[in-house]
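J.: Sequence:
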Amino acid sequence: MGSSVKKTPVLAVSMGDGNGIGPEIILKSLHKLLGPDHNNPGGQNLPGFMIFACPETLKFYAEKLEIPIFWKESTGTVAPESGHVHLISVSSSPVEIRPGEITALAGKAAMTAIASAVDCCMDGTADALVTAPISKEAIHLAGYNVPGHTEFLAEHTGSSSVGMMLVNDIMRVGLATIHIPLRDVPSALTPELLEEKLLLFHRYLADSFSIQSPRIAVLGLNPHAGDGGVIGNEEADIISPVIRTLENKGMDITGPWPADGFFASKSYENTDMVLAMYHDQGLIPLKMTGFGGGVNITTGLPIIRTSPDHGTAFSLAGQNQADAGSMEKALHLARELAEKRTSRRKKAL
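Position 221 (the sequence shown) corresponds to 962 in the working numbering; numbering is contiguous.
Keep in mind the hints are simulated off the structure, nothing from the lab.
For each residue, glycine too, the CB sits at the ideal point set by N, CA and C.
Be careful, since some hints might not be right.
Label pairs and their calculated CB-CB ranges [to be verified]:
id: 1; residue 1: Ile952; residue 2: Thr816; range: 37 to 43 Å
id: 2; residue 1: His881; residue 2: Leu940; range: 30 to 36 Å
id: 3; residue 1: Val819; residue 2: Leu940; range: 34 to 40 Å
id: 4; residue 1: Gln1060; residue 2: Arg944; range: 41 to 47 Å
id: 5; residue 1: Asp968; residue 2: His881; range: 35 to 41 Å
id: 6; residue 1: Ser1006; residue 2: Lys773; range: 32 to 38 Å
id: 7; residue 1: Ala845; residue 2: Gly865; range: 30 to 36 Å
id: 8; residue 1: Ile972; residue 2: Val819; range: 57 to 63 Å
id: 9; residue 1: Leu934; residue 2: Asp993; range: 18 to 24 Å
id: 10; residue 1: Glu822; residue 2: Ile921; range: 40 to 46 Å
I would like the entire structure built from these sequences, with the hints used as guidance.
T.: Structure follows, in structure tokens:
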């Protein structure tokens, strides 16, 4: 794929699992952005969009949603202009569409779409990646031995250190560990890992969110943050020493905080990001404060990547019941981050 001169950002959008709600929320989001006539009204200065999907799948859901085709099929070699949508096919043969079902074919198509969209960002044709939800079970059936998007993106881009950060209008949450069983969290939580994640998120907050001195609150692993070693030693042996090390380097990092009291007292309002020790510790409170309005960001990649804060929702697939709000926010944030990156690069010249 090649690049062209772009006045506004170009967003590469991967369709996700074609049997889930991914195609529906993409169609709804772009339909809303472009307006009922799917024209780019003067002055709106919209991004260009490149959808990586199976054409038959996108048409199938468009018919169900009664949304007319507003895209142009393309090879992906030329970036679309502002407000235009290109569809890049990721299938050489028709794909069986079975809304609500988990299949290996859908898993393979989803991963092909992601890989193609990433490559498009890596070569400069697109400025940011927005991914619709995939099914971990489906991609495993298709032979992909990765826990999820984040790990695949790290592998595909050759990134050695990546992080998962979720944001909504209330808070930002970063994760020290991501898609691993809960029983494996204590052994995975090493001083090296914790320091790596804190430095990664600190840099991302400064660069991408323009926060000059990011304030990061670190949660404890155990109930009551270990209660002085009575309920676990990870806080004293691992978390606190790392916090002190980074504090001595001038970083504004506090903790370890007991997770229940921290969220119940709304202490997140006084910080720029919360670092949770494991997946559900951070994502449950974040989703409770704004489910359907959050965005997932992968930090540490050479490209910008955002996604909705929810999964494939197979039970809603093909029924025109999916809420596209989180996808809309993911598209908006991807554009915002792309524009900031472009601005930083221009200033550096």
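J.: Which numbered hints turn out to be false for this structure?
T.: none
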